[in-house]
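A.B. asks: Here's the letter readout for the chains.
Protein chains: 2
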Amino acid sequence: MDTTPEHLSESERVARLRLYRSENVGPVAFRQLLARFRTGTVALEALPALAKRGGRRRKLTVCPAAEAERELEALDAAGGWMVHRGEAGFPPLLSMVEDAPPLLSGLGHPHLLTRPAIGIVGARECSLNGRRLAERFGRDLAAAGYAVVSGMAKGIDAAAHAGALEGGTVAVLAGGVDIIYPRENTGLYHDIRERGALVSEMPMGLIGQARHFPRRNRIISGLSLGILVVEARQRSGSLITARLAGEHGREVFALPGSPLDPRARGPNDLIRKGAALVESPEEIITLLRDLPGTYAVEEPGDPFSDGIVAAPEESDLAPARAAITQALSPTPIGVDDLVRHLGLPVPIVVTVLLEMDLAGTVERLPGNRVAALMEGE
Amino acid sequence: MDTTPEHLSESERVARLRLYRSENVGPVAFRQLLARFRTGTVALEALPALAKRGGRRRKLTVCPAAEAERELEALDAAGGWMVHRGEAGFPPLLSMVEDAPPLLSGLGHPHLLTRPAIGIVGARECSLNGRRLAERFGRDLAAAGYAVVSGMAKGIDAAAHAGALEGGTVAVLAGGVDIIYPRENTGLYHDIRERGALVSEMPMGLIGQARHFPRRNRIISGLSLGILVVEARQRSGSLITARLAGEHGREVFALPGSPLDPRARGPNDLIRKGAALVESPEEIITLLRDLPGTYAVEEPGDPFSDGIVAAPEESDLAPARAAITQALSPTPIGVDDLVRHLGLPVPIVVTVLLEMDLAGTVERLPGNRVAALMEGE
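Heads up: the protein sequence lines correspond to chains G and Y, in order.
Start counting the first sequence at 1; every next residue gets the next number (the UniProt record's numbering).
Start counting the second sequence at 1; every next residue gets the next number (the UniProt record's numbering).
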């Protein structure tokens, strides 16, 4: 792999933005398209044909150049910036995540994205004690040189950001970076914009919705060496972030609490499953310092160079397409399992899934899993 | 080993009681004396000579027969009972502990001593929530068929006993079984006497003191399949009981708590060190049920038959005595380390240490360690 950061031309940056804003292009499809076509410009041209081969009947909506340029102008007018995966300013740990966003829009201080980071997440309806703890951990971890990452939700998230404002904090938003949500965090939003950083993979103006939260959570986890869960009920978003952190090979820290407090269920359960019980910020700092060097970060350079490059022959793809279509169901299955089950070569399966993904007939799920999307969905 | 319970004659029971009530005869010395001399009667006779060989100048005070008989009469008058290690009614798990008491006095229901047991310990100055939890765990574990063991201290201990009164509870006292301590537990004492069991290795009338607490704690741990710590500050007696449980190969359970609560420090720290985090009694029940059969309990029968029986020759002992005396200091050392360091046969070292123990020139410490006692101590 190339070890120098990429210098993308303006036209390639626009092409990549258009590619990511095109219908059915998720982070995994984006990665595979770049691996195969090398540039956004070429991938963009290939897009409609690929979708058609994946079973698409309606024409795939490719993001028009004018729309991408409008987004970049609006971002620029707001004093914001965009950083692409492979560029020097892209967060190196996030780049290692399989479904990392290929680009991030941001407001505020971009240098915070390349600082070692710790995520702090927890309940919206937190206790006063939980809030105090989140603020203290935010403050002390930021003072120790870590960027404190969270999702700017109310409750624990907001407290962690507030505590870390001075030392350095990064808010990952589910909507566009110009959209303040929730409204009660308006003051905090402006504080972070001035002293920290706000980032999102979504276009300016997009209003974040509940279905965007898991995508936001994977960025929080992807940015972070470890995730601290402060208060969380069972089956809450914070636990999903913690699970993602585990899947991303990151540390999971949890603040314990009384069995009588339902908000302690989440962290207690994480501890039971192997998360590190912590009572003070110093413990996290010590635990991270004592980690073996497993976080040797991917060097900047072309991050798309190690994918599948050669396109398989159509004569190989046609029978595979039928077998894969039959094998898939709405119940998610691992791509590895699919490969094993069908006994087909990996590049064939990956190519067919990419085409179906673009066609909107399969859905990508975390953990390299896929599911069939039923007609009309 | 003999697998039928022992039937001790009345005179042997009195001899064993006298032996254990004699000066400098601790549980380890008692065990070694029985292993060597087979009966309390013979060991009792040998006692003064052994102490003298260990460097004793004043004559060792052997418990007079009349004193032992007075103790048994008082116990009998109170409606109590005494059970010796090796007898069918002696708690089987306790029998497996190296420094198990060779006998227990008791009031109440002796059958509770042979039930599978769980210890619940914690802070005297507990929170109301801690008290509620201890009571609930006590009640539910006792209802599930476990004897709930504790130390009848105020706070967590008292709450655990109170919760388990109906199902079955065992209070281990630091003083004699007839001594109510602390006074505020007078009602609880009478309740346990009536519906549970009160036990002690100490003679009737002895007022327990702080220095007796560690000995009491080892009995709580020794009786129990596992120890649950509810609330405990750092460096508290409850943590000593938990440490003993670890040394005894028993389970350690801990109820987590907020980092803001100093009474959670103890349990949280235990969890950090590997104790099982639990939030409900059901979890303990499940964890104990799923244990591999490591608690195959020592069958009743002569528990003293596997010790050192043959007495070494005095010609071997004399030089060993000098070497051991020189090697020991007030800083505790493991008997195994001592054996390794000196390169002497185990029976020689054990015999010399037994004599020194009886002479009052060495002190036995938990974990099979010994320390020199300086003159005048």
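Any given hint might turn out to be false.
To be verified - No farther apart than 25 Å at their CA atoms in a straight line, the calculated lysine to aspartate or glutamate pairs in the DMTMM-like style are these:
1) 154/Y <-> 269/Y
2) 273/G <-> 290/Y
3) 52/G <-> 76/G
4) 273/Y <-> 12/G
Keep in mind that the hints were calculated from the coordinates and are not lab data.
The model shown is predicted, which means the values in this text are computed figures rather than measured ones.
A.B. asks: All hints, please: hold or fail.
C.D. replies: Hints and how they fare:
1. Restraint check for residue 154/Y and residue 269/Y: the C-alpha separation of about 23 Å stays at or below 25 Å, so the hint holds.
2. A C-alpha spacing of about 17 Å is found between residue 273/G and residue 290/Y, which places the hinted pair at or below 25 Å, so the restraint holds.
3. In summary, the hint linking residue 52/G to residue 76/G is not supported, as the alpha carbons are separated by about 35 Å, beyond the 25 Å threshold.
4. Restraint check: the Cα-Cα separation between residue 273/Y and residue 12/G comes to about 53 Å, which exceeds 25 Å; the hinted pair is violated.
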